[in-house]
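Asker: With chain A fixed as given, assemble chain B onto it according to the hints.
Order-wise, the sequence lines are chains A and B. Every letter in the first sequence is one number past the one before it in our numbering, and letter 308, counting from 1, is 316. Every letter in the second sequence is one number past the one before it in our numbering, and letter 405, counting from 1, is 413.
Bear in mind the hints are in silico, worked out from the structure with no lab data behind them. Here the structure is a predicted model, which means the values were calculated and not measured. Don't take every hint at face value.
[Unchecked claim] Restricting the straight-line Cα-Cα distance to at most 30 Å, the calculated cross-link-like pairs of lysine-lysine (DSBU-like) are: (1) A:K271 - A:K176; (2) B:K296 - A:K94; (3) B:K356 - A:K32; (4) A:K33 - B:K370; (5) B:K176 - B:K272; (6) B:K33 - A:K356; (7) B:K296 - A:K98; (8) A:K32 - B:K370; (9) B:K33 - A:K370; (10) B:K94 - A:K356; (11) A:K299 - B:K299; (12) B:K32 - A:K370; (13) A:K296 - B:K370; (14) B:K35 - B:K352; (15) B:K71 - B:K253; (16) B:K32 - A:K356.
[Unchecked claim] Which bits of chain B does chain A cover? Going by a derived footprint, with three or more residues having C-beta under 8 Å, they are: (17) 79-89; (18) 326-334; (19) 360-368.
Backbone N, C-alpha and C define an ideal beta-carbon position, used for all residues, glycine too.
Listed below, chain by chain, are the residues.
2 protein chains.
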Amino acid sequence: MNIKQGNVTSPKGFKAAGDFIGLKKAKKDLAVILSEKMCTAAGCFTSNIVKAAPVLWDINTIKNPIMAVAANSGNANACTGERGIKDSEKMAETLAELAGCQAENVLVCSTGVIGVNLPMDIINSGIKSVYKKLGSDFESGAFAAEAIMTTDTFAKTACAEVSLSGGKTVTIGAMAKGSGMINPNMATMLCFITTDAAISRPMLDKALRECVSDSFNMICVDGDTSTNDTVLALANGMAGNDEIKSENEDYQKFKEALFYINKKLAMDCARDGEGATKFMEVHTIGAKTLKDAKLMARSIVSSNLFKAALFGSDANWGRALCAMGYSGADFNPDDVTVIFKSAKGEIKLMDNGVPIVFDEQKAADILSEHDINIDIILNEGNFEAFAWGCDLSYEYVRINGDYRS
Amino acid sequence: MNIKQGNVTSPKGFKAAGDFIGLKKAKKDLAVILSEKMCTAAGCFTSNIVKAAPVLWDINTIKNPIMAVAANSGNANACTGERGIKDSEKMAETLAELAGCQAENVLVCSTGVIGVNLPMDIINSGIKSVYKKLGSDFESGAFAAEAIMTTDTFAKTACAEVSLSGGKTVTIGAMAKGSGMINPNMATMLCFITTDAAISRPMLDKALRECVSDSFNMICVDGDTSTNDTVLALANGMAGNDEIKSENEDYQKFKEALFYINKKLAMDCARDGEGATKFMEVHTIGAKTLKDAKLMARSIVSSNLFKAALFGSDANWGRALCAMGYSGADFNPDDVTVIFKSAKGEIKLMDNGVPIVFDEQKAADILSEHDINIDIILNEGNFEAFAWGCDLSYEYVRINGDYRS
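Excised from the complex, chain A in its bound form (with noise of 0.2 Å):
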C-alpha cells in the first residue's frame, strides 16, 4: 500500500466540487461528486433511532448503483417531518437530473443545524452552479472536502493505492468532516471514499462495514451521537482490475488500505474534535475479549472527567480505571497497569493494581504534549484495541453553547 497525497477525485473517473451557494454565512457549504460510470455502494449509517431525512434516503438508495453524491452543511435536515423526506427526494432528483440519471442513482448527505426545514431554492440553484464546477484535478477535491465542514478547523481528505493481482493498481479517495456530536455508533460524521476498484457489492460492504468498527466506531468527542452519522463507499471499477468477488488476496489487500483511509480520517476527526488542545489514543492491551477490550477504550476516551483532566494535563489516573469500571467490561482492577506516554517520555502511574507514587512533574511534563497515549494493560488475555478522542476545553463549551447563532 503506497499513502498518497489525494482526496476523492483521485481515483480514476471521478469528478468533485464544493462551493458556497447561502446555506453558511460566507464559507462553502455544498459538494457534489459525480462518477464516470456507474458505481457499487456501501453505507454505514448512525444507530440513532432519529435518523435524518438524508440518512432515510441513502439506506433505502445505497443498494442501487450510484452515479453521484450532494453533500450540504450548515443545516441537517434531521427532525424535519414530511417534508424533510420530500428535500432529500429533491435534492437527488435535482442532481440526477443533471447527472442523467434518475434520482435513485444519487446519494444525498447534510449536516449541520438540526429542526430547520432546508431552503429548498438555494439547495437547488447551489447544486446547479456547483455541478458546473466539477472537475477531477486535486483542487476539485479540495473544495468539495472544505464545504462539507461545520465546526471543523481543518478539512479532512486522505488517498493510498494499492497493487492487485495482474498488476492494476486501484486507488482509494475520500474525505470526511466530524468535530463536534461524535460518539461512536459510529461517530457524527461524515464519510466519503471513492475508489476505481472493481469489488462486488457484498464485499465492498463487508469490508467497510470491518473498517468502521476499528476506526470511526472507536472514536468519541463529546458522547452525542448523531442524526446524520454517514459514511459511503463508491466503487466504479475503472481501475480495470479482476472484481473482488470473495475475501482472496485482492481482498485482504483492499481492505488494508481502506482500513487506513478510515483510520487516518477518524483519528483526523478525534483530533479535530471541537475545542479540542489535545489527541489522546487509548491501547488497550491483554484483555478477555475484544468486546472488553474495546469498551474499556472507547469508556475513556468518552469521559468527561478523563478529558477535562487532559485539558489541565493533570495525571488523574483514577479517572481512566473509574470508566474503565463502568463500561460494561470484564476485568480485574488488581491486575491493571497504566501507563501515560507522549514525545517527552512515558511514566507508569499503576503497577497491577498497586497505585505508584510518581513524579508529579514529570508526568505534568509528559501531559503537556499535543499526543498523548494511554496505555492499559490487563494481563487478562490477548485482545486489544485502540480508541481515539481529545480533551475537554472551555472552547468546547463556547462552541456548543451558541452553535446556531
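Answerer: Chain B in isolation, oriented as in the chain A frame:
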C-alpha cells in the same frame, strides 16, 4: 408528611459531628454519625465494577446491626489495592473502639481523589477528635454535612416527619454530597439517611431501593459513574412506632417521606453540579413503558451538547431529540412534542413531529432563567419520568482540569 428544617441529628437518638482533620487544605473533612441504639441498615452502592475500598466494606457490613458511620472527604480510597481495604477496616475499628461496638457494626465512606492511599495517622487521630465533638443539636448535624463536601458549593440536608398508626411520629433526616462524577446508576454521591422509625431490614431495604431508583438514579452531572456512590439508611426504632414489617399503610407513609428526602437531595446534587449555572428538570410524558420514559429523560439531562446549549440559553431542541434517539428507548420521532418552560413562560418547539418556527427572542428569554423545565410529550402510552441535571459550563472544565491540585 411535614417537611422540616433538619438533618441527620433530627431523628431521636442520633448524634453527629464534622470537623477539619487535615485531609483537605482547610475545610472540614471528616464526619461521624452515631446512634444511641443499634440500627437496622440498608444501602445502595455504585454499579461501577471498580468499587472503592469503603464500598466493599459497606456491602459486606450493611446486613449487620449498625451503630456508627465515619465518612471522610478529600480522598476516595479508591483504586488503592490491598492497602485500601485494610485502611477502610482500620477506620471502622477506630470508630468502633470509641463507640463501644465491633468494627462490623460500623460503616465507612470516603470521597475525593482516586488512587491515593489514605493517610491513616491523620484518619485515626481525626476520628478520635471528631468523636469528642458529637452532638444531637442542629449545628452538629450541619457540620457533618459540611465535612462530606468536595466540590459542592453548598451543604445538602433534608428532614421530614410523618405520623404513623398509634399516633407515633417518626422523623427522617439526611445529608448528601455530590457535584461531579455524577451519573445515574447511581449518581456519584454519598447520602446518609437517619430515622428513628422502627422498620424491618427487608422493608427498609425495599423502600430505599425504590426511592433511589426515582431520585438519585435520575440525575446526571457529567456521565461519569463514580467508584464511591453510596446511599445509607439507618433506622434505630426510637420513635416507638409498631415496627413496619410489611407493605402496610405505615410503610406507604414512611416511603413517601423517604422519597421526598431522596428526591430533594438528588435535585440539590444536580442543582449544585460542578460549574452549573442552570438547573433542568426533564419530564417525559406518555411513553410506551416506564423504562422508555426513564431512558429518554436521563439521556437528555446527560447530553453534553444539550447541556452546552442550555449554558448558552440556546433553544437547540434538536439536540434533545437527538439524545432521545440514541438513548435506547423505543419511540416514534413523528409523535413527539417538545416544550421548554421557565418562570418567564413557555414555548413549543416541536409539535407532533413537526418543527415549529419559533420566536428566538422569546425562547432566549425563557432560557435566561436559572430553572428550566423541558417537557417531552410522546403520545404513545401512559408512562412518565423525571430526570434532573445542569448545564455544561466553562467552570466545569476549569474545576476538573486541575481537581487534584
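Asker: Does each hint hold? Answer for all of them.
Answerer: Comparing the hints with the structure gives:
1. A:K271 - A:K176: 24 Å, holds
2. B:K296 - A:K94: Judged against 30 Å, a Cα distance of about 29 Å means the pair holds.
3. B:K356 - A:K32: Given pair K356 (chain B), K32 (chain A) holds - Cα atoms ~26 Å apart, limit 30 Å.
4. A:K33 - B:K370: 24 Å, holds
5. B:K176 - B:K272: 24 Å, holds
6. B:K33 - A:K356: 27 Å, holds
7. B:K296 - A:K98: Roughly 34 Å separates the two Cα atoms, so the pair is violated.
8. A:K32 - B:K370: 24 Å, holds
9. B:K33 - A:K370: 24 Å, holds
10. B:K94 - A:K356: 24 Å, holds
11. A:K299 - B:K299: 26 Å, holds
12. B:K32 - A:K370: 24 Å, holds
13. A:K296 - B:K370: This hinted pair is violated, its Cα atoms lying about 54 Å apart.
14. B:K35 - B:K352: 38 Å, violated
15. B:K71 - B:K253: Roughly 16 Å between the alpha carbons, so the hint for K71 (chain B) and K253 (chain B) holds.
16. B:K32 - A:K356: Status holds; Cα separation ~26 Å.
17. 79-89: Contact hint for the stretch 79-89 of chain B vs chain A: holds, 5 residues under 8 Å.
18. 326-334: Coverage by chain A holds here, the residue count being 8 at a Cβ distance below 8 Å.
19. 360-368: holds (count 3)
Of the numbered hints stated above, those contradicted by the structure are hints 7, 13 and 14, listed in ascending order.
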